[in-house]
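Novice: Put together the whole structure using the sequences plus the hints.
There are 2 protein chains.
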Amino acid sequence: MSNTNQQVRLAARPTGTPGPEVWEHTTEPVGEPGEGRVVVKVSHLSLDPAMRGWMNAGKSYVPPVEVGAVMRALGLGEVVASNSPDLAVGDVVTGLLGVQTHAEVDARGLQKVQPSDAVPPERYLAVLGMPGATAYFGLLEVGELAEGDTVVVSGAAGAVGSIVGQLAKIKGAGKVIGIAGGPEKCAWLTEELGFDAAIDYRNSDVAARLRELTPDGIDVYFDNVGGEILDAALARLATHARVVLCGAISQYNATEGIHAPANYLSLLTTRSKMEGFVFPDYAHRAGEAAQALSGWLAQGRITAREDVVDGPVTDFGEVLLKLFRGENTGKLVLRLP
Amino acid sequence: MSNTNQQVRLAARPTGTPGPEVWEHTTEPVGEPGEGRVVVKVSHLSLDPAMRGWMNAGKSYVPPVEVGAVMRALGLGEVVASNSPDLAVGDVVTGLLGVQTHAEVDARGLQKVQPSDAVPPERYLAVLGMPGATAYFGLLEVGELAEGDTVVVSGAAGAVGSIVGQLAKIKGAGKVIGIAGGPEKCAWLTEELGFDAAIDYRNSDVAARLRELTPDGIDVYFDNVGGEILDAALARLATHARVVLCGAISQYNATEGIHAPANYLSLLTTRSKMEGFVFPDYAHRAGEAAQALSGWLAQGRITAREDVVDGPVTDFGEVLLKLFRGENTGKLVLRLP
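Going down the list, the protein sequences come from chains H and F. If you count the first sequence from 1, you need to add 34 to reach the numbering used here. If you count the second sequence from 1, you need to add 34 to reach the numbering used here.
Read the hints as simulated data drawn from the structure, not as lab findings. Hints may be right or wrong, so weigh each one.
If chains are identical, the list can't say which one is meant, so a pair holds when it fits in one copy or spans any two.
Calculated cross-link-like contacts (lysine to aspartate or glutamate; reagent style DMTMM-like; alpha-carbon spacing at most 25 Å) [to be verified]:
1. K146 <-> E112
2. K93 <-> D239
3. K93 <-> D250
Specialist: Written out as structure tokens, the structure reads:
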């Protein structure tokens with residue numbers, strides 16, 4: 035192993051939007067894998083809104099990334115050295131590889147995948163990976179989707195939201211409305227993904243549009259953004275509605291307190307629930323979601339789209355910001371040289 | 035029927051705290067009961083925080099009280115005229131009788147009760163009535179109380195909260211903490227009702243006290259008050275906690291926007307749910323709650339307390355304000371002459 039491992043480490047905890055000052059680029063020699071471990075040459079890195087939360091100190095659903103540590107990231111790559119009977123050199127795997135070019139990791143934490151002409155590698159970080167499973171369990175289990183439901187999803191052109199809407203249609207939702215930023219994203223939702231309607235939050239009054247589009251209220255609101263959009267959705271809840279809290283990307287970089295949901299008492303008058311969930315609680319069932327989703331993909335009932343950016347690992351910090359600027363459509367992936 | 039029916043009607047929708055200007059006192063002759071109906075001479079009126087919501091225009095879980103209509107209220111009284119085979123003169127009943135001295139109502143909406151030396155009539159408007167059932171279904175079904183749970187209840191010295199805490203202890207909660215206003219109420223909770231601890235929100239820092247008292251977080255938070263106390267509880271949620279939204283009395287009279295729960299993202303990081311509920315959804319099962327609660331009452335495992343105010347029906351508006359000032363301990367009832 036003569037290669038050099040290039041790494042991106044968290045240099046400081048960010049205040050607000052994470053600029054270049056929070057990242058440190060380091061290099062290390064690539065070592066030999068320890069017992070039961072492998073070295074993976076990373077080819078694709080997953081960029082996720084949740085990363086912003088991992089950078090903060092304090093209690094959350096996973097420990098924070100320590101200052102000085104390699105940034106946590108899901109990724110995909112090829113095994114280049116193995117000290118585990120479970121994986122061989124040449125196997126392609128996904129898992130928590132970190133923002134680095136070479137990851138020396140426990141083989142038990144990795145999933146073997148088989149990219150092909152039909153299924154590009156980045157898809158295993160998208161609909162066939164964590165975002166797909168997040169949409170699947172969030173909508174069906176937490177959201178308790180029922181036939182005929184009116185479903186609204188924010189961040190609808192993102193990795194999770196774009197699957198939520200399509201899955202809702204497959205599962206018999208009566209009406210699926212996506213909220214996204216800009217006319218291109220909105221057109222993609224209705225023209226290519228089969229959403230019944232889209233609301234461009236940058237160019238329209240979300241509350242007013244929701245009133246028009248949901249005369250009988252919202253049965254499932256799948257929230258990826260928080261803020262004023264969450265409040266607008268709360269004001270439209272039907273009786274016994276389910277609000278799935280999957281994220282709040284509009285609030286992650288807030289420096290002066292977040293936009294709190296002033297309409298939360300709508301949960302009381304409509305007897306609705308608002309429930310948070312994160313993928314790791316369903317990780318043991320990820321195969322179930324991937325199997326179902328790959329079937330619909332093969333049938334053409336789900337359209338997958340990844341937003342692949344080519345660049346060196348040192349571009350990570352800059353590419354991450356595309357998420358917070360709403361510049362990605364579909365799953366954002368950094369493809370390493 | 036030569037009696038006169040004295041009534042309290044909603045004269046105008048209130049802004050903020052409802053003063054005397056929102057009430058109109060009227061009198062009508064008491065008529066004969068229609069087919070299937072009875073006339074009830076009202077002896078006890080239930081005063082409930084929910085009444086404030088009924089006075090507002092707009093969509094809620096029940097239609098608003100119309101301006102000009104007799105104010106909606108649960109009450110107890112004796113049948114003085116019957117045109118129904120189901121009820122006889124002399125029967126004592128509870129139901130939606132309205133704020134008036136004589137109610138001409140459908141017999142099917144009434145429950146026959148049997149006050150005795152052991153069970154005073156007002157108790158059927160308290161632990162054996164709507165507040166008891168609210169505590170029962172809210173804690174056990176919405177709150178999904180499990181053995182060993184840390185339970186926190188706000189408005190803990192009120193009609194619902196005082197039952198929630200006692201019920202939690204009976205059902206095996208590990209620790210029960212009540213939040214109430216003033217040292218007398220707090221002493222009542224810990225010394226007479228068996229709460230493990232009480233927090234006097236008027237004289238202490240609720241957030242700091244919750245940090246001390248819930249080292250492992252809160253499993254069930256039963257909220258009757260909203261506002262800053264809800265936020266303090268959200269900050270202490272354990273993993274997979276349940277927040278039962280039963281009321282928000284601190285916010286009902288707000289005129290400049292409510293205190294929105296800025297810590298709502300704690301639901302996401304702890305994968306918890308916040309769910310609203312109201313008694314009417316469980317009204318068909320009220321007998322189940324009353325039966326269980328009356329058993330524990332008879333065994334002395336539940337201590338009941340009603341705050342009975344004697345006065346004419348025209349005192350209703352003034353007595354109602356005791357709720358918003360936090361002046362009642364236990365269930366507030368107006369006993370008519």
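Novice: Each hint: holds or not?
Specialist: Right, here's what the structure says about each hint:
For the identical chains of this complex, K146 and E112 are intra-copy neighbours only, at 10 Å inside a copy versus 75 Å across copies, given an alpha-carbon limit of 25 Å. Taking CA atoms no more than 25 Å apart as the test, K93 paired with D239 passes between copies only; the shortest distance there is 22 Å, against 36 Å inside one copy. Within a single copy, K93 and D250 get their C-alpha atoms only as close as 39 Å, which misses the 25 Å cut-off; across copies the closest is 12 Å, which meets it.
Of the numbered hints stated above, none is contradicted by the structure.
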